[in-house]
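Residue numbers (my numbering), protein chains in the order written: chain A, 149 to 264; chain B, 6 to 117.
Please keep in mind that the hints were generated in silico from the structure rather than gathered at the bench.
Being a predicted model, the structure only gives us computed values, none of them experimental.
Wrong hints could be hidden among the right ones.
As the list claims (entries may be wrong) - SDA-like mimics (lysine to any residue), calculated; alpha carbons at most 25 Å apart, straight line: (1) A/168 <-> A/215; (2) A/203 <-> A/213; (3) B/10 <-> A/187; (4) B/104 <-> A/239; (5) B/47 <-> A/234; (6) B/104 <-> A/200; (7) B/99 <-> B/45; (8) A/162 <-> A/175; (9) B/99 <-> A/210; (10) A/189 <-> B/61; (11) B/104 <-> B/31; (12) B/73 <-> B/61.
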Amino acid sequence: GAVVSQHPSRVICKSGTSVKIECRSLDFQATTMFWYRQFPKQSLMLMATSNEGSKATYEQGVEKDKFLINHASLTLSTLTVTSAHPEDSSFYICSAREGAGIGTQYFGPGTRLTVL
Amino acid sequence: QQQVKQSPQSLIVQKGGISIINCAYENTAFDYFPWYQQFPGKGPALLIAIRPDVSEKKEGRFTISFNKSAKQFSLHIMDSQPGDSATYFCAASKGNAGKSTFGDGTTLTVKP
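Required output: the full structure, derived from the provided sequences and hints.
Given below as structure tokens:
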């Protein structure tokens, strides 16, 4: 199956700093990528949908100025957590949709963010 | 309103047994129903998926049963193995929007 990578896999930062997480589709082009947040023992919460070359669509309650998303190419989307605080500590997962229309979503391995 | 309801929350099965996880959805516009398997500290991995034009799909030990009129679908894991112990999520999505609505997850433990 298709492979999606995320970098870094784990990051620890100080409160107030910004953190960038990269999501790459390695062997397919992804016009749409999704960013999720997952708390321990909970389901995935969709944060935003990222379309190549256009602005991301954020879900209700997600601060777009806090979570900056850039989808610069068909294989790369980035999520920047700006001015991170301890409550932003979470597991962030991206996924990439293969093909147009109804396409399978492939998930990255996730990034564990810890804000001290 | 939770659009995809998943049950049970947790499940313990003996090795060799059948694991059954159920999901029910609200939105009749959903037309793609995948199941994902997630191990601790890892991202979800697509296990098997079905579209509403078929009632059943089987891949190895994994089978999805789909009941369109009841708006329900289920995952059956035959001959469950300890390595199947993970969290399973059902999901549903519609059309070109592509974004998935996930169930709350089921933690499966297969005892040796």
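Consistency of the hints with the structure:
A distance of roughly 10 Å separates the Cα atoms of residue 168 of chain A and residue 215 of chain A; the hinted pair therefore holds under the 25 Å criterion. Our distance criterion of 25 Å between C-alpha atoms is met by residue 203 of chain A and residue 213 of chain A, whose separation comes to about 12 Å. A threshold of 25 Å between alpha carbons decides the hint, and for residue 10 of chain B with residue 187 of chain A the separation of about 18 Å falls inside it, so the pair holds. Taking the CA atoms of residue 104 of chain B and residue 239 of chain A, the gap is near 19 Å; set against the 25 Å cutoff, the hint holds.
About 21 Å separates the Cα atoms of residue 47 of chain B and residue 234 of chain A, which keeps this hinted pair within 25 Å; it holds. About 15 Å separates the Cα atoms of residue 104 of chain B and residue 200 of chain A, which keeps this hinted pair within 25 Å; it holds. A distance of roughly 28 Å separates the Cα atoms of residue 99 of chain B and residue 45 of chain B; the hinted pair therefore is violated under the 25 Å criterion. Taken as a hint, the residue 162 of chain A and residue 175 of chain A pair is broken in the structure, with Cα atoms around 34 Å apart against an allowance of 25 Å.
For the proposed pair residue 99 of chain B and residue 210 of chain A, the alpha carbon gap of about 22 Å is at most 25 Å, so the pair holds. Between residue 189 of chain A and residue 61 of chain B the CA atoms are separated by roughly 29 Å; this puts the pair beyond 25 Å, and the hint is violated. Between residue 104 of chain B and residue 31 of chain B the CA atoms are separated by roughly 16 Å; this keeps the pair inside 25 Å, and the hint holds. Restraint check: the Cα-Cα separation between residue 73 of chain B and residue 61 of chain B comes to about 11 Å, which is no more than 25 Å; the hinted pair holds.
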